[in-house]
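For the record, the sequence lines run as chains R and V.
Letter by letter, the first sequence follows residues 9 to 127 of the working numbering.
Letter by letter, the second sequence follows residues 9 to 127 of the working numbering.
Hints may be right or wrong, so weigh each one.
All copies of an identical chain are treated as equivalent in the list; a pair is satisfied when it fits inside any one copy or across any two copies.
[What the hints assert, rightly or not] Calculated pairs, DSS-like style, for lysine-lysine (alpha carbon to alpha carbon, straight line, at most 30 Å): (1) K11 to K79; (2) K51 to K79; (3) K17 to K67; (4) K73 to K19; (5) K19 to K79; (6) K19 to K67; (7) K11 to K73; (8) K17 to K73; (9) K67 to K87; (10) K51 to K67; (11) K17 to K87; (12) K87 to K73; (13) K51 to K73; (14) K19 to K121; (15) K73 to K121; (16) K51 to K17; (17) K17 to K79.
Hints listed in this document are in silico derivations from the structure and should not be mistaken for laboratory results.
Given the structure is predicted, the values throughout are model-derived calculations rather than measurements.
The primary structure of each chain is shown beneath.
Number of protein chains: 2
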Amino acid sequence: MEKVVIAEKLKLFSEYWSPKIVGELNGQHVKLAKFRGEFVWHKHDDEDEMFLVLEGVLKMELRDKTIVIHKNEFLIVPKGTEHRPVAENEVSVMLFEPATTLNTGDTESDLTKHVLDSI
Amino acid sequence: MEKVVIAEKLKLFSEYWSPKIVGELNGQHVKLAKFRGEFVWHKHDDEDEMFLVLEGVLKMELRDKTIVIHKNEFLIVPKGTEHRPVAENEVSVMLFEPATTLNTGDTESDLTKHVLDSI
Numbered sequence: 009m010e011k012v013v014i015a016e017k018l019k020l021f022s023e024y025w026s027p028k029i030v031g032e033l034n035g036q037h038v039k040l041a042k043f044r045g046e047f048v049w050h051k052h053d054d055e056d057e058m059f060l061v062l063e064g065v066l067k068m069e070l071r072d073k074t075i076v077i078h079k080n081e082f083l084i085v086p087k088g089t090e091h092r093p094v095a096e097n098e099v100s101v102m103l104f105e106p107a108t109t110l111n112t113g114d115t116e117s118d119l120t121k122h123v124l125d126s127i
Numbered sequence: 009m010e011k012v013v014i015a016e017k018l019k020l021f022s023e024y025w026s027p028k029i030v031g032e033l034n035g036q037h038v039k040l041a042k043f044r045g046e047f048v049w050h051k052h053d054d055e056d057e058m059f060l061v062l063e064g065v066l067k068m069e070l071r072d073k074t075i076v077i078h079k080n081e082f083l084i085v086p087k088g089t090e091h092r093p094v095a096e097n098e099v100s101v102m103l104f105e106p107a108t109t110l111n112t113g114d115t116e117s118d119l120t121k122h123v124l125d126s127i
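Construct all of the structure, not just a fragment, from the sequences and the given hints.
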């Protein structure tokens, strides 16, 4: 059992939209990711998804509004809700979601990551 | 759907060892808690537990070692592992654990909270 130092893990990767697994508990993954630009619209039919902003500003576009999430704020996107993360500048986030969650949900795209690295 | 501003939630309570529910996803609770002093030794037979330190320093005593967790670091304590959180000064933490998790695990004490408030 070892603690995880988030800042050290964030130094280990630079690619955007490619979550890395940094912890697992109760069938859930704790992931770190860096976002920049616009992701694809998608939803997760069976999984709620949590975005905790560590650095930067994340805009979560929903079909009816946009929620701006700053450092030390989080948003839980319920299952079945279409959403699109947008980051004008680089943002670092921590994600909590079931181990089964695919990053692009029901929208297969070039951004889809079927296999995630653990770091 | 609304974002959660962690700093604002932390202002809403001051009692120690009394986790507050600030989010729920996939059967898991996101909780905020403030610790100060020594908790009781306990374990959770069926639940892994995650401690993310937001402010202060948390010492997690295990039977064979102590892990010191600083701000922006986290520790996952696996199910069945005896542990005791200790905070010499006030520490604020975010917890992730199944909705079924009892704060003192298998050790009933004055510190046991059977019902948690949502804030």
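Against the structure, the hints come out as follows:
1. K11 to K79: Answer is both; intra-copy 22 Å and inter-copy 11 Å each pass.
2. K51 to K79: Within one copy only: 24 Å inside a chain, 32 Å across chains, cut-off 30 Å.
3. K17 to K67: both (23 Å within a copy, 21 Å between copies)
4. K73 to K19: between (33 Å within a copy, 27 Å between copies)
5. K19 to K79: both (18 Å within a copy, 17 Å between copies)
6. K19 to K67: both (23 Å within a copy, 25 Å between copies)
7. K11 to K73: For K11 and K73, only the inter-copy Cα distance (12 Å) is at most 30 Å; the intra-copy one is 37 Å.
8. K17 to K73: For K17 and K73, only the inter-copy Cα distance (23 Å) is at most 30 Å; the intra-copy one is 32 Å.
9. K67 to K87: within (18 Å within a copy, 36 Å between copies)
10. K51 to K67: within (16 Å within a copy, 39 Å between copies)
11. K17 to K87: Both ways: K17 and K87 sit 28 Å apart in one copy and 24 Å across, limit 30 Å.
12. K87 to K73: within (17 Å within a copy, 40 Å between copies)
13. K51 to K73: Close inside one copy (15 Å), not across copies (43 Å); limit 30 Å.
14. K19 to K121: within (20 Å within a copy, 39 Å between copies)
15. K73 to K121: within (27 Å within a copy, 38 Å between copies)
16. K51 to K17: Both, since 27 Å and 28 Å are each at most 30 Å.
17. K17 to K79: both (17 Å within a copy, 14 Å between copies)
Figure legend: structure checked against the earlier numbered hints; every hint is met.
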